[in-house]
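If you're matching positions, the sequence shown starts at 0 in numbering that gives the first Met the number 0 and goes up one per residue.
What follows is a set of in silico ranges between Cβ atoms, one per label pair, in the way DEER data are often shown:
1) A40 - A65: 20 to 30 Å
2) S92 - G56: 50 to 60 Å
3) D101 - A55: 42 to 52 Å
4) A87 - V51: 36 to 46 Å
5) G56 - L86: 36 to 46 Å
6) I23 - P57: 39 to 49 Å
7) G93 - Q62: 42 to 52 Å
8) Q2 - E50: 23 to 33 Å
I should point out that these hints are in silico values taken from the structure, not numbers from a laboratory.
Please read all numbers here as calculations on a predicted model, not as lab measurements.
From the three backbone atoms N, C-alpha and C, an ideal C-beta is built for every residue, glycine too.
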Amino acid sequence: MEQTEIILRAIGVLTETNAMVRRIAQDEEAGVESAENNLGALVTEVFPRVEVPGDAGPAEAGQAVADAYLPATISLVGAFAFLFSELADLHDSGRTEVSTADLLQDLALRMSRAGNA
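Could you put together the complete structure from these sequences and hints?
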């Protein structure tokens, strides 16, 4: 999965989570919905399937998993760190006329254009 796609999916997770938090704030009976499922799906898609040879020792098996998961971890953490930075910059600038949802939508449009370029 390309980094742009990971960022776009992370935007989707954050957008849904933001909407869910707003619903819960308005109605304490509202439950957790698809945001957790979408995060789980993103993690499942980002992290590769790792096959460890049957004769591998514990150290070899651990190293195989670490080698396979490190790039995915960096990509996923990088996507959320990028989005956090963008949201923090908006907050710190004091631009209250721009909502979190608006910023996430703008970022999604920009990332979609960048991914298609």
